[in-house]
Amino acid sequence: MASLYLLRRQPLREHEWLLDIFSQQHGRLSVVAGRSNQIPDLLQCCDGDWVSAEDWPRIRGLRPAQASSLKGPALYCALYITELLTRLLPRGEALPDVFLAYQETLQALAVSQLPDPWLRLFEVRLLSALGYGFSWQQDAQGQPLQADSRYLFVPREGFAISERGIKGADLIAFARTERDNPAAWVTAKQVLRIAIDDLLERPLTSRELFMPIPAGKVKEPK
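Count the sequence shown with numbering that gives the first Met the number 0 and you get residues 0 to 221, in order.
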């Protein structure tokens, strides 16, 4: 049996689902499940196995191993990192560090009152595992970042000195994971958004969950 998370599901045929799963041992896969099967919820760790078939592997023995208690902003954050996986992970490539990062982040979101640090650290680990990581301590030329300098972030390259750029002190603080330095985490969010958006073909729909709600309207879950 493999440990896995269900990332997404969609109707395939009249009596079947096409599931997008993320397995610790096998990475991201598409598998088929019958409509009569009990399909676990998103964000819920499961055990399961699958067998080869003509089109997609067919799941069997899928059962929840750990329930999810996420709600409110923590749930929105979890849906955000889940969409990152569905949009960025290659298929059929084992990425155990990303699996553990995802699992640890979901667990942390369930108990933490400050989700942002967990999101930023997850994004860093994800980019690194995908081969798009960059140094937070050196510029693109390999020179140490200076606290009194400013830098521009260039996707897939790194940081370059710029008079109107980001404070080097904030980048260095993030590299040291200074959790009591809010400016460092705000800066990291800006940088990581640029890095992630450069890899996406279209905007993330989960970001809409974080947008302010117009007066007089109720935000309904999707």
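Bear in mind the hints are in silico, worked out from the structure with no lab data behind them.
Some hints could be false.
To be verified - Just the calculated beta-carbon pair ranges, DEER-fashion:
hint, residue 1, residue 2, range
1, Gln189, Ala64, 19 to 27 Å
2, Leu208, Arg8, 34 to 42 Å
3, Ala66, Leu129, 27 to 35 Å
4, Val50, Ile193, 25 to 33 Å
5, Ile160, Ala64, 46 to 54 Å
6, Pro202, Gly130, 18 to 26 Å
7, Gln142, Lys70, 40 to 48 Å
8, Arg178, Thr204, 44 to 52 Å
9, Ile160, Gln24, 15 to 23 Å
Everything numeric in this text was worked out from a predicted model, so none of it was measured.
Each residue gets a CB set at the ideal place from its N, CA and C atoms; glycine is no exception.
Verification of the hints:
1. Checked against the hint of 19 to 27 Å, the pair Gln189 and Ala64 fails, with Cβ atoms roughly 37 Å apart.
2. For Leu208 and Arg8, the Cβ-Cβ distance of about 19 Å falls outside the hinted range of 34 to 42 Å, so the restraint is violated.
3. For Ala66 paired with Leu129, a C-beta distance near 29 Å keeps the hint of 27 to 35 Å intact.
4. Checking the proposed 25 to 33 Å range against Val50 and Ile193 shows it is violated: the Cβ atoms sit about 42 Å from each other.
5. For the hinted restraint 46 to 54 Å between Ile160 and Ala64, the CB-CB distance of approximately 49 Å keeps it satisfied.
6. Between Pro202 and Gly130 the C-beta distance comes to about 23 Å, which sits within the given range of 18 to 26 Å.
7. At about 45 Å, the CB distance of Gln142 to Lys70 agrees with the hint of 40 to 48 Å.
8. Remark: the range hint 44 to 52 Å for Arg178 to Thr204 is contradicted by a beta-carbon distance near 29 Å.
9. For the pair Ile160 and Gln24, the beta carbons lie near 44 Å from each other, so the given range of 15 to 23 Å is not met.
Of the numbered hints listed earlier, those contradicted by the structure are 1, 2, 4, 8 and 9.
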